[in-house]
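Q: Respectively, the protein sequence lines represent chains A and B. In terms of full-length UniProt numbering, the numbers along the first sequence are unbroken and rise by one, the last being 277. In terms of full-length UniProt numbering, the numbers along the second sequence are unbroken and rise by one, the last being 577.
These are computed hints drawn from the structure, not numbers from a lab. Backbone N, C-alpha and C fix where the C-beta goes; we use that ideal spot for every residue, glycine too. Do not rely on the hints blindly, as some may be mistaken.
One-sided and incomplete, this derived list gives chain B residues near chain A with beta-carbon spacing under 7 Å [as the list claims (entries may be wrong)]:
| hint | residue |
| --- | --- |
| 1 | L415 |
| 2 | M420 |
| 3 | D430 |
| 4 | I439 |
| 5 | G442 |
Heads up, incomplete: computed chain A residues facing chain B, CB under 10 Å, no partners named [claimed, not checked]:
| hint | residue |
| --- | --- |
| 6 | G53 |
| 7 | Y55 |
| 8 | A74 |
| 9 | N99 |
| 10 | G111 |
| 11 | I116 |
| 12 | R165 |
| 13 | T169 |
| 14 | L230 |
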Amino acid sequence: MTAPILRAQDVTMIFGGLTALSEVSLTLDRGQIVGLIGPNGAGKTTFFNCLTGLYTPSKGQVLLNGRQLPSDPAQVTIAGIARTFQNIRLFPNMTAVENVMVGRHARMKQGPIATIFRGPRFRKGENEARDRAKELLAFAGIGRAGDELARNLPYGDQRRLEIARALATDPQVLLLDEPTAGMNPQETEATRQLIFKIRDLGVSVVVIEHDTKFIFGLCDHVSVLVQGKLLVEGPPEVVRNDPHVIEAYLGKPPEEVQAEVQHAAELLGGHDKGVNQ
Amino acid sequence: MTKTFLSPPIARILGIAGAVLAIVAAMLPWTTFVLNKGAWPDKATLQFFDAPFALTGFRWELFLVGIVALVCSVVKVPAQRRVLRGLGFGVAAIGLVNFLFITAEGGGLGAVTAADGASAFGSVAALVAGGLLILGTFGQPLEEIPRWKTNLPTPVEYLGLLVSFAVLLYVVSLTLTAGGQGGAANPYSGPMFLSFLGFGGGLMAAAAGLGILRWISKLSEKHRAFSIIVLLLCAFLLPFTNAGTEYWMTVAANIGVYAATAIGLNIVVGLAGLLDLGYVAFLGIGAFVAANLSGAAASSLGIHLPFYLVVIISAAIAGIFGAVVGSPTLRVRGDYLAIVTLAFGEIFQIAARNNIGGLTGGSNSIPNIPPLQWFDGTAYNESITLFGTPLPSGVLYYFLIVVLIAAVMAVFANLKNSRMGRAWIAIREDEDAARAMGIKTGKAKILAFLCGAVLAGIAGAVFAHKTSTVGYESFLFMESVTLLAAVILGGMGSIPGAVLGASLLFVLPEKLRAFSDYRLLIFGLALILIMRFRPQGLIPDRHRRAELAGEDAEGHTLAETPGDEPEQPRPQEVPAR
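Take these sequences, add in the hints, and give me the full structure.
A: If you want it as structure tokens, here you go:
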């Protein structure tokens, strides 16, 4: 097996006195889909922000192809990690094609002088970017929306557009932050197929999601994050049946809760008796 | 807007009544006595201005609007209510302007009603007529703007564009000369001009309602190259019209300099979304550099370089300052950036006033900058004869500035539709997302400042030679604000918008001289009204139009979701299921 494409080692993130992440590690192999699940506030998005240079980890390091990640989001994108956002952050007043063309920014090389004089090379680069953008829109399944303003697209298409825009940066690793939030089952399934297609392009994917069913049906490897700590990791079938995960997600099984309640009642009762005595 | 309180027949009657009343108003006398500053409106005799049926000046304009309104209310035209409402506002505006002016100048309401046995209800009738016309359109919701075919045979489309642009040239010429040159000899130029604006605005609104303006803009987008050539030709033909006098050429050239500067500012404000309150400093830097290199006696350098070199040096130095001012943008955003740029503008102005390094002439300014020379040695401020037509002096500067604006527009358009332009717009829309797309936002912002400053520097070099005197008082904070207002008024990010905005902002004060005391008040009111009713600007950029008017690219009004959270600046559709 080849060396992992992305490796996060003991990433710790402290904000003031709050430890948002503590020694979280994650390994992503080429062509792999890794899922990151956990309850709200578990630190999933914070972890993403550490992977994309938005935050610099307080401790630990992130390596892309064995190289330390730069601490500037633009440089990280240029190095080959692209992301989408939890609450969609498109450029609302640009058309879909223009949004994706912005994604091509780092892969185009046209200085201001060439831009002003518009030589044949400039036109060629511009046309290539436009063609690639249209190609990616078609790939994401919204080829017909090219000239619509992003803000006028339906919600599901906005999510797809964000993915197409991220793909335009020619990433090796794609980080998706809740790509199916607010989607109906059909849309969720379409997104799952789209992620498989992206994996087949040779892009490795990390997905944050609440929907455990979606994650278990998609990922090769799942990490569970609870209160800033890595709780369990492993293949979906292992993680799915792990009692800690079930507890974190569903709470304790009823009989166990029952027992605890009784235990508590006894304690209280004992206490009451103590008071009475 | 779905409430209907007027049945169609009543609305129709109101419309016809309003139109007829407008025509009648044009026939009625308008003042009961001679105004103190001479007869009203055309400095004619007493019999003339209060005589019935005397149709000249604004009364002729009112008559025309009335006829058009009558035709449109009787004949079933498309989007009738839109057209009539536009015309109604025009009629009301003409009535209101003259009502107020005659009342103020004539010493009270007697001047516009009845006094000393004479009666003059012209302006009152016009106001009522406008009101009726507008009221008649409130019965039902406004119609969709009709769409005209834009896939006609090419020669027909070309002809359509030619005619449209010829009309535009005529309108520009009329607007410039409307009311005549202001000043002591012509105290009525202000109201005459405002009346003309009401007239023109009414007709324009009607044309927009009929969908003609949209048709023209669609066609000109389709035949871009052809439109640009014809527009340039129109600009060169302006001196051959009535506006071809020295005065108007000077005014037009002044507007041109500021229009070019406004386009430069549009890069910074309109595209990259960085508020710059000291922008005029770059125009000043360009102008002072050019003045010092022009061989003017007062310049301390005493060098005389050819103009093309001067332009390049001015642009370069302004650009360097642009990058310097832009560098704080790496650290500050929004309001704080505005304060930094404001401070830079003040520093420049005070430095220039104190004659730093002997380069600015201080309060003496740098006078007697030699005019530019054409290849055969003709100075630019001489009058010339072209195609057998004698043209006034200053016309060569006008031509130079038309070329300058064309070049600046081309640069702006090329930058906007490029990798760089998209990066700027992306930064304006969402800076964090832009960074996540691999855009080095700091570099991009400095480049925006640099490009804007270079354009202003070029404009400044021309400005120095045109005005022949460069002093700090041309580059005060007020000028920066006016430029900013021009950009916002015209429509941020839009090229024709910046030109129109600059024209309005620099023509209006010139035209409103007659109201010296109220000039700024009227000016401010006009700005407030425009911003209230057209927040996206007069000729909005496609993107901004959508953003501020709640319209998509095709102009359909969208249902806006009110009260968006600041964290989520775009209205998101809730999934249907």
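Q: None of the hints should be skipped; say for each whether it holds.
A: Quick rundown of the hints versus the structure:
1. L415: holds, 6 Å
2. M420: holds, 6 Å
3. D430: At 5 Å from the nearest chain A Cβ, D430(B) passes the 7 Å test, so the hint holds.
4. I439: holds, 5 Å
5. G442: Violated: closest Cβ of chain A sits about 9 Å from G442(B), beyond 7 Å.
6. G53: holds, 9 Å
7. Y55: violated, 12 Å
8. A74: holds, 5 Å
9. N99: The hint holds - N99(A) has a Cβ within 10 Å of chain B, the shortest such distance being about 8 Å.
10. G111: holds, 8 Å
11. I116: holds, 5 Å
12. R165: holds, 7 Å
13. T169: holds, 5 Å
14. L230: This interface hint is violated because 25 Å lies over the 10 Å limit.
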